[in-house]
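Enquirer: Residue strings, one per chain:
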Amino acid sequence: MNKYTEDDLREELKTKEYEYGFYTDIESDTLPIGLNEDIVRAISAKKEEPEWMTQWRLESFRVWQSMVEPEWANIQYDKPDFQAISYYSAPNKKPKYNSIDEVDPELLDTFKKLGISLDEQKKLAGVAMDVVVDSVSVATTFKKTLSEKGIIFCSISEAIKEHPDLVKKYMGTVVPKTDNFYAALNSAVFSDGSFCYIPKGVKCPMELSTYFRINQAGTGQFERTLVIADEDSYVSYLEGCTAPSRDENQLHAAVVELIALDNAEIKYSTVQNWYPGNAEGKGGVYNFVTKRGLCEKNAKISWTQVETGSAITWKYPSCVLKGDNSVGEFYSIAVTNNFQQADTGTKMIHLGKNTKSTIISKGISAGKSQNSYRGLVKISPNADNARNFSQCDSLLMGNECGAHTFPYIEAKNKSAKIEHEATTSKIGEDQIFYCNQRGIDTEKAIALIVNGFSKDVLNKLPMEFAVEAQKLLEISLEGSVG
Amino acid sequence: MELKEKLIASFMAFENTVDLNSPIHDIRSEAIKTFENHGFPTKKDEAWKYTSLNSILKHNYSVFPKHENTIAFNDVKKYFIHDIDSYKIVFIDGKYSSYLSQTTHDGIDVCLMSAALTKPKYRPIIENYFNTIASKDGLIALNTAFSQEGAYIYIGKNKSVDKPVQILHFSTGVEAALLLQPRNLIIVDQNSHLQIIERHQSLTDNPVLTNSVTEIFADKRAIVDYYKIQNDNENASLIDNTFIDQKQESVVSVHTFSFGGKLTRNNLNFYQYGERIESTLKGVTILGNKQHVDHHTLVRHTEPNCESHQDYKGIFGDAATGVFNGKIIVNKEAQKTNAYQANNNILLSDKASINTKPQLEIFADDVKCSHGCTIGQLDESAMFYMRSRGIPEKEAKALLMYAFSNNVLESVKIPELKQRINKIIATKLGVNIGFDL
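Here the protein sequences come in this chain order: A and B. For the first sequence, position 337 matches number 337 in the numbering used here, and the numbering has no gaps at all. Take any residue in the second sequence, note its place counting from 1, add 482, and you have its number in the numbering used here.
One-sided and incomplete, this derived list gives chain B residues near chain A with beta-carbon spacing under 7 angstroms: (1) K814; (2) S831; (3) S835; (4) K839; (5) L842; (6) E843; (7) I844; (8) A846; (9) D847; (10) D848; (11) S852; (12) T856; (13) I857; (14) G858.
Simulated crosslink set (EDC-like; lysine to aspartate or glutamate; CA at most 20 angstroms straight-line): (15) A/K368 - B/E815; (16) B/K809 - A/E421; (17) A/K368 - B/E843; (18) B/K772 - B/D687; (19) B/K850 - A/E400; (20) B/K526 - A/E71; (21) A/K368 - B/D848; (22) A/K426 - B/E843; (23) A/K426 - B/E815; (24) B/K818 - A/E429; (25) B/K814 - A/E429; (26) A/K168 - A/D179; (27) A/K347 - B/E528; (28) B/K850 - A/E429; (29) A/K426 - A/D456; (30) B/K525 - A/E71; (31) B/K526 - A/D179; (32) B/K814 - A/E400; (33) B/K818 - A/D430; (34) B/K850 - A/E421; (35) A/K417 - B/D800; (36) A/K426 - B/E789; (37) A/K322 - B/D832; (38) A/K356 - B/D832; (39) B/K850 - A/D430; (40) A/K417 - B/D793.
No lab work stands behind these hints, which were simulated from the structure alone. Quick reminder that beta carbons are idealized off the backbone N, C-alpha and C, glycines included.
Please model the entire structure based on the sequences and the hints provided.
Expert: Structure, rendered in structure tokens:
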């Protein structure tokens with residue numbers, strides 16, 4: 001029998017290199033480093049934005065200047081020097097392509113390595129891709145099918161030009177520019193992102209999908225995503241990321257806003273696999289993300305995330321359950337290895353009556369990593385019959401890592417029903433023994449147990465994504481054991 | 483004058499009354515500096531996020547009561563667990579009351595902090611233990627700076643103390659507003675056993691703020707049971723800071739029964755230094771009106787094979803607010819730790835609120851740590867069952883609440899105390915239930 005033990009797994013995890021670490025050499029159009037009002041204006045000008053947008057950015061920048069970086073999270077890192085970052089980088093061959101042949105071959109190569117080459121994607125049933133390489137959308141497919149239904153799916157800069165009314169009406173309503181340090185920074189300098197509008201009564205026929213890549217050395221990526229589901233509509237949105245190996249820390253501060261109007265449903269799934277730094281904890285992406293959704297009457301927002309990458313993750317996808325009978329869900333797997341640190345969780349703010357929320361969070365820590373769950377469940381005085389269920393499980397591999405939970409629960413209504421459970425465990429010797437006894441070797445047993453531990457969340461991912469998520473889990477944890 | 487400035491100024495006056503050559507003079511002077519730097523905690527401090535001291539710090543508290551006061555035993559008899567024999571250490575307005583007390587030096591020391599701090603024979607113990615585990619934040623430093631009186635208990639090796647020790651603090655309202663800062667030191671040596679019941683009681687409507695610090699040292703295989711009864715009137719506030727240092731195989735339990743007071747904050751800290759230690763933290767909180775109780779617990783596991791159990795039940799009516807913040811830290815050496823934490827709450831009214839934050843910080847992989855936390859209501863079907871059998875609504879409710887808090891109540895090891903707590907609960911709920919739990 002193969003003598004594969006947990007120690008071997010740990011060893012393997014330590015040495016396993018980031019498989020998707022490669023760097024595409026595309027000429028980029030990069031602004032000088034540093035941040036001031038001129039840079040903000042320059043970004044706005046480069047993107048040919050209308051005056052109101054420029055003003056909006058400047059206001060955000062002024063707010064940002066008066067704010068300080070938050071320090072409450074359970075993470076340690078060297079603070080990025082915000083004046084040492086270039087805030088804009090776009091592939092300079094910018095024309096919009098109508099056919100795949102026009103696309104820079106090097107770029108296509110990148111996609112091939114990722115296993116998501118455009119032509120392959122086109123053939124893949126029902127997935128429209130808005131491919132983002134270094135912040136600017138360079139190719140959009142399946143746009144026609146979508147536009148027939150009246151669905152708008154484009155880059156945010158395009159939306160600012162083409163659909164200013166919608167952008168003006170909704171941008172900054174869920175995550176105000178004053179919300180927090182990173183949200184304010186993003187509001188000032190966001191380079192691009194996706195915009196999606198589903199009209200009344202429309203069920204989006206395919207999964208909308210965006211792949212982000214950070215590509216240019218020393219540039220931060222500031223994505224801005226706005227998804228609006230009008231009354232009675234439905235959309236499933238996928239977001240996935242991989243990034244090249246790089247020694248210097250890259251900053252990522254995205255903002256995602258979801259708006260689900262009456263009876264609408266939004267399903268937002270993320271697979272995040274940015275460069276986590278090497279085995280010594282050098283390099284890696286800093287991921288400071290603000291994600292929030294607003295539910296009107298009978299609406300539902302569901303966040304599913306698989307977090308395997310980034311040196312630092314600071315991310316709390318939240319739901320504001322404003323309308324009566326609205327539903328919020330959060331399913332998360334966070335895997336940390338080597339020197340990775342994750343402080344992630346969710347906020348469920350119950351404002352309406354009969355609102356429901358479910359939180360399932362699975363943390364897996366290995367190596368010398370720290371994995372924290374931080375969540376808030378708040379029941380306001382008017383939220384009669386609110387219901388919450390939270391479950392936070394942690395799996396520890398080795399005793400140099402840590403697992404932490406910081407659940408905040410605030411109830412101000414007597415009819416609230418709230419449950420919270422948390423457990424911490426390791427892979428039990430008895431579990432492995434049980435498998436061994438039945439002829440399953442240790443390697444497979446560990447894979448089985450880790451998979452079983454995460455299944456609750458993996459099952460929530462859309463089909464197209466589940467495969468990728470499995471792959472990422474394998475890379476970041478299971479190694480060859482899967 | 484702000485309370486903080488007043489306290490700092492009072493420290494000068496306080497220094498004139500105490501022996502400056504005493505070994506704790508340096509500790510006091512350092513503590514007042516710490517207090518000067520930190521001041522009182524505000525809602526901006528993460529640990530005080532849900533509890534604001536503003537409303538209780540606004541009074542012009544007297545730091546040293548000017549008059550000594552006496553009270554007749556019959557007036558306060560009901561606050562004692564009087565149907566059992568016990569040692570008693572009683573303070574009236576912060577001053578020791580010898581005629582209400584019953585102390586001893588016979589084999590064990592059950593006496594006063596003022597004696598321990600001044601008499602040379604206690605000096606080695608004071609130097610070894612005093613202020614060694616209390617944390618150094620503002621409120622605790624304030625207590626340390628003014629530390630003078632309180633209970634001092636030293637139990638030598640291999641002694642099972644024959645009767646419980648009752649520590650009672652009365653305030654009589656001689657001052658318009660009074661700040662009390664009792665300081666207790668309790669040392670239980672190897673293989674010894676001690677039970678303590680502590681209670682703070684205000685006898686008038688004048689505001690009282692008690693900022694109490696207790697340090698408990700449980701040596702190898704020692705057993706300590708500590709019961710805190712908090713059923714004060716609604717002008718009295720209590721900030722209780724208890725620090726417990728446990729050695730190998732010791733067993734310490736602290737039960738907190740919070741039924742009264744305007745604002746009660748319990749900082750309960752367990753530090754385990756040894757293997758196979760057991761720590762138990764349990765509490766029942768039943769509040770109404772605008773009362774506020776904040777339980778802040780910390781259990782630090784540093785060595786293998788230890789256990790900790792936490793079980794806090796809360797029932798909140800009217801506009802009462804409850805806070806629970808439980809933290810378990812498991813160091814990476816502390817393998818095979820079994821830590822459990824439960825916090826169950828019932829909200830009876832729409833104005834009542836509960837904020838809870840059960841925290842786990844775990845650095846060891848081979849551990850069993852879990853926590854559970856619920857907020858809910860009384861079971862309607864159970865209510866219906868009882869009412870359909872002729873039990874009035876109020877009694878039915880009370881029965882359910884008893885049942886809800888029962889697994890905390892049943893672990894009280896002194897039967898008379900258990901009965902007394904049952905009685906307090908019955909009074910609080912306005913029912914007359916004739917059974918023993």
